[in-house]
Amino acid sequence: MLGLIAGVAVAIDGRPALADDSLTFDELYGKVSVLGLEFSQKVKSLAGQEVRMRGFMAPPLKAEAAFFVLTEIPMALCPFCSSDSDWPDNIVVVYLGEKQTFVPPGQTIEVRGTLEVGSWTDPETGFVSLLRLRSSQFYAV
Amino acid sequence: MRTLLATLFATTVLAHAAQAADVYPIDRATILAGSPFDFKVELKGAVKAEDIKVTVNGQDYKAALGAEAAYVAMEKGKEDKELGSALLLRNAIIGVPGSYKVEVTAGGETKTVTWDVFATAEQPKVKNVIFLLGDGLSVAHRTAARIMSKGMTEGKANGRLNMDDLERMAFIGTSATNSIDTDSANTMSAYMTGHKTVINAVGVYGDRTPDSLDDPRVETIAEALRRQTQKSIGLVTTSEIEDATPAAVVSHTRNRNDKAEIVGMIYDVKPEVILGGGSAYFLGKETPGSKRKDNQDYIKLFQEAGYALATDKTELANAPADGKLLGLFHTGNMDVTLDREFLKKGTAEKFPGQPGLVDMTKTALDRLSKNEDGFFLMVEGASIDKMSHPLDMERAVVETIEFDQAVGVAREFAKNNPDTLVVVTGDHTHGVSLLGIIDDTVEGKEGRDKVKTGASAGFPNYTDENKDGYPDKIDASRRLAMFVSNFPDYYETFSPKLDGPFEPAVKNEKDEYVANEAYKDMPGAVLRVGILPKDESTGQHTVDDVVLQSEGPGSEGFRGYMEQSDVYRVLVDALALGVKQTN
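Residue numbers (the numbering used here), protein chains in the order written: chain A, 1 to 141; chain B, 1 to 583.
Heads up, a few of these hints could be off.
Here are some of the chain A residues that sit facing chain B, going by a computed Cβ distance under 7 Å [claimed, not checked]: (1) Val43; (2) Pro74; (3) Pro105; (4) Val128; (5) Leu130; (6) Tyr139; (7) Ala140.
Bear in mind the hints are in silico, worked out from the structure with no lab data behind them.
Don't be surprised by glycine CBs; every beta carbon is placed ideally from N, CA and C.
My request is simple: use the sequences and hints to build the entire structure.
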């Protein structure tokens, strides 16, 4: 509800946030093709800045992982494809600033974190991601 | 206490003495004479090289297998766990057909296996083989496709599927070497090598070491074709091209998820026609959308190797008529027919130019048939399985109709080119079954009130006004009642999923799959409590036999009950792959 107030929204930590720092899954890529995706202008312009995204939390691949995957829809991965390779293209990896409690898969969450753009391999798990939110926190909406 | 310990010790020693070594290829393996295979002996304990004795038909193994195996003093497992000593000989070859008894004695360990090394006909019976695999294709898929596509009046089908008139058939057992239940990797690998293996493996026996790429290899049909003939090879699928089924034609790994490596193995064999999805594994990792973990650009490598590239159906139609062709139409699995052609759901809008299986099959046949030496073409209807897993029966049946239309293209080619063997089969079944009718005209609070069986079922009212073989409306008011025998917790809605493929269950914070609440409030939805463990997200493969059908020279080899590994023997016999056919 907070995010829906026109023009200015109040973020969870009380700091005011401009509405255009919100990013949706549809806005991640400008071009989708067999030969690769291109980040959208909005993603490029928000790189390095704090943004808000809404989506669903997919369970980490490993319990001790420092991140979770934010997906557009609640995900069920097939039993024969348990690696990062089988995630859809438009996922965002979320690294939390501080540990937070896991939420159920059908629960929409809003994540706030610093947008990092470009291919990066998680050193602990080998999970390759293109978009990340760093120092993030989330809450259920 | 001392006595007890002594007894325990004695028991342990005895148990150790009785331990059997593992030998690959395994007992009762069938091996094409002259085909290279890796021979491996895995011992349970540490045994010195000089204490290992291996004979083949009573003689020292080196003579029979052509070389000396490398000795490994101690194989290591995860966290450096000691697994035992081993012998490994890559590319062993037995040229003379017959029964080969392999006896291993090492310390207290013994093992005896017998291999059937077989020859083929001297003369090929066919020039071309078209091998069409409906992934997960079960009897109910066929029945539903026939009824949905052709209709039924007074209990008789109003038309026939292309599959329905294939001349010969066999029941195929699909079990893996380590489980009665199977997967696409193991079965396609057995079809394409003649060796059954473990779940998730292609072109190898599964050994005990953690590395998935070092397992004992067996020759694939593509490699045999390259070794003995100048035939062309084609791979066509609606899944990622590096998915298990197409992978099994050309590659070797214990783990079908080694998709980046599988692309490299496809590149090594260089099939003349490659059509499917899965471009993400062809792109270097710096390219957004890539799923590789290195920067290898396989699109470029294939182009440098002389391949024309097509990324949508226009480019496919306009590709240069001659030469090799790489067609990749999706970063992942291609959208299913119902979404691609009719509902425009899934990722159909993101990848609007995806061709269907029929067009891809036609293109492949046009190009491959230019080779005077003939060809081997594998065509996979991949998403019969990919939609049966999530219990999305309407999508699975529409995929079956599309697959059958590709079968029609293959049969038409065979009619004009009678030196062609056509094989149509599945690789495992799903627990799918047709029950009767779901009748929307029945008033009821729950969807189950609309399920009509027995005399009250009558017939469905699908129509096909434009005669494209597909029902005009998938959500006909009287439609097939199709259910799956095994499932996680899910909401049964008794209706087709018009907004995109079904996602029956999602994972919760306890790592358990629970019913996806998104379907809870759909009209008539009821919760079905699963019968599978909570770590299973979808319906599972079933153990029932698969029906294989065939026509053309050599198809007489298919009859009765056969193991999926026996199918290879019929294929290579028809092609006479035991005999060198190049000058």
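Taking the hints in turn, this is what the structure says about them:
Checking A:Val43 against chain B by beta carbon gives a least distance of about 10 Å; that is not within 7 Å, so the hint is violated. Because the beta carbon of A:Pro74 sits about 4 Å from the nearest beta carbon in chain B, less than 7 Å, this interface hint is met. Evaluation of the A:Pro105 hint against chain B yields a held restraint, the C-beta minimum of about 4 Å falling below 7 Å. At its closest, the beta carbon of A:Val128 sits 6 Å from a beta carbon of chain B; the interface hint therefore holds under the 7 Å criterion.
Of the supplied interface hints, the one on A:Leu130 holds, with its beta-carbon coming within about 5 Å of a beta-carbon of chain B, less than 7 Å. The beta carbon of A:Tyr139 is not positioned within 7 Å of any beta carbon in chain B (closest approach about 16 Å), and the interface hint is therefore violated. Because the closest C-beta pair between A:Ala140 and chain B is about 12 Å apart, greater than 7 Å, the hint is violated.
Violated hints, listed in ascending order, are 1, 6, 7; each of the other numbered hints is respected by the structure.
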